[in-house]
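**Student:** Position in the sequence shown (first residue = 1) + 8 = my numbering.
Simulated from the structure, these hints should not be mistaken for lab results.
For clarity, every value in this text was computed on a predicted model and none was experimentally measured.
Every residue gets a Cβ at the ideal spot worked out from N, C-alpha and C, and that includes glycine.
Calculated pairs, DSSO-like style, for lysine-lysine (alpha carbon to alpha carbon, straight line, at most 30 Å):
id : residue 1 : residue 2
1  : 229       : 401
2  : 182       : 229
3  : 401       : 455
4  : 455       : 79
5  : 331       : 401
6  : 331       : 229
7  : 183       : 229
8  : 69        : 79
9  : 337       : 401
Label-pair ranges, simulated between beta-carbon atoms:
id : residue 1 : residue 2 : range
10 : 190       : 348       : 31 to 37 Å
11 : 194       : 35        : 50 to 56 Å
12 : 231       : 50        : 24 to 30 Å
13 : 321       : 385       : 28 to 34 Å
14 : 67        : 231       : 55 to 61 Å
15 : 345       : 456       : 24 to 30 Å
16 : 352       : 81        : 20 to 26 Å
17 : 51        : 333       : 45 to 51 Å
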Amino acid sequence: MAYKRADRVNALLQRELGMLISEELRDPRISFPTVTSVEITDDLRSARVYVSVLGDDDAAKTTMAALEDAKPYLRHELGSRTDLRFVPELAFVPDRSAERAVRVARLLREARERETRSSGGSASRPPSAAQSADEVVDLLRGARAIAIVSHRDPDPDTIGAGLALGLGLESLGKKISWHCADPIPESIRFLRGSERYGQEPPPGDVDLVVTVDFGSVERAKFALPSGPRLVNIDHHASNDEFGSANLVDATSAATAELVSRVIDTLGIAWTPDMATAALAGIMTDTGSFQFPSTDGRALERAARLREAGADLQAITYNIYRNKRFEALKLWGFAFSRLVREDDGQLVWTELRAGDLESAGAREEDISGLVEQIARSSGMRVALLFNEQDGVVKVSCRTSQWEPSVDAAALMSTFGGGGHVRAAGALVPGELAAVRQFVLQTAEAALKSARARTAVGA
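Please work from the sequences and hints to get the whole structure.
**Tutor:** What follows is the structure in C-alpha cells.
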C-alpha cells in the first residue's frame, strides 16, 4: 500500500515535534530550528528527526546539543499528545534544509517524469487524508447494503460511531446491519439502535463492510467476509490499514468525531439519536474532555452535536452515574485490597477467582475500575490484576507526569499492548506468580523513568 502507516506516524511526529520545539522549549541555545522531516523505522521503535537551523555552524551545533538534552521531555510530551503505543527513541540529525529541499524536489520531479514516460500518463502519489475521505464517502454513497462492525469488548466510541453512521446511512435508504462479537454493555444500551447489534459476523452478500474504531482486523474477533469491500475508519496511529479503503486520522480525538465529519460530507441531517451516539463516543474517548487528545475540533464538534439534540444528561447518567449495585460490590473487593508502593507512585489491586460470583457481577462490571485506582494521589503506574481461568488479565494506566512510564511498552513485556497511557495484557499463570512478575517489572520501569527524569532535569 502506497500510503503506509509509517508515513502517517512520520507526519504526526513532524507536526508535534515542530510545535513542541518552537513553542515549548525555552533553552537559550536553540536558534530557530525547523523539523524538516522524520523517518521512523519499520518497527516504529526509533525515528531520525531531521532539523534545519537558521544561522552559522556554531548556532547549529548548540541547537542540536540543546535538542539532545531535551529528548526525555520531548518523548514524554509526545506520549501525552498522541496515542502512539510506543513513543520512539529520537535521533536528531542536522539537515541543510534548503539544499535538501532542492535535492528532494529534483529527485521527485525526475521520478515522476520517469513514471509518466513509462505509464503514458500522470504519475501516482500517496492518497492524502482528503483523498481517503473522498474514497470512503463515494463507497458509502454507492453501496446499497452495508454491514457496520464494532470491535470486541465494545466501548462507547465504537458503538457510538457505528450507530451514528448507520442511522445516518439508513436515512439515505441504505440497508444497514450492525455487528459486534461481544454483547453491548448495559451502560451503553441507552443509545437508540444499540439493540439492533447482533453478535454474528456480517453476511457475505452485503456491498460494503465498515469497521469502526479498531486498528487491526483481529479486533473484530470473528472472521469478516472476503467478498464485500472493506472500509476501515479509525483514529489510532497504530492502525495497520487492513481495509481496501482506509480513513485513518490519528489527530481525531475519537472515531465518533471522524465519523461525524463523514456524515456531514454525505449531507445527512443529524437526528438527536445520531448526535447522542456520536457525543457519547467523543466524551468517553476524551475522558470527558480531560485527556490531552481534546483539541478545539473535538470541543467544536461536541458543541455542534449538542445543538443537534444530543442528550447530554442521558450520556452522563448512564455512563458515569449509574453503576449496578453488583458492580459496586465487586469494586469494593478491589478497593479493600488496594496497595500503594514506591511512595505512592505504584498503585495496584486485584480481583480473585470467585469475586464475580460472590458479588453477583458480570465481566462488564469491571470496566472503569482501573481508572478509579489511577486517581490515587501521586500515582504514576496503576495496575489491576483480574484472575481468570488459567490466566490473569492485567490492566495498566500511567500518568503523563514525571517519572512517566509508557503503559504499552510495559505491557508488551507480557505479550500485551495498547496506548501510551492505557494498555493491558493476558498473562498465563497463577495470580500470585503473575502479580509478582508484573510488579517487579513495573518497579524497574519506574526506576528507569526516575533516572531518565534526573538526567533531563
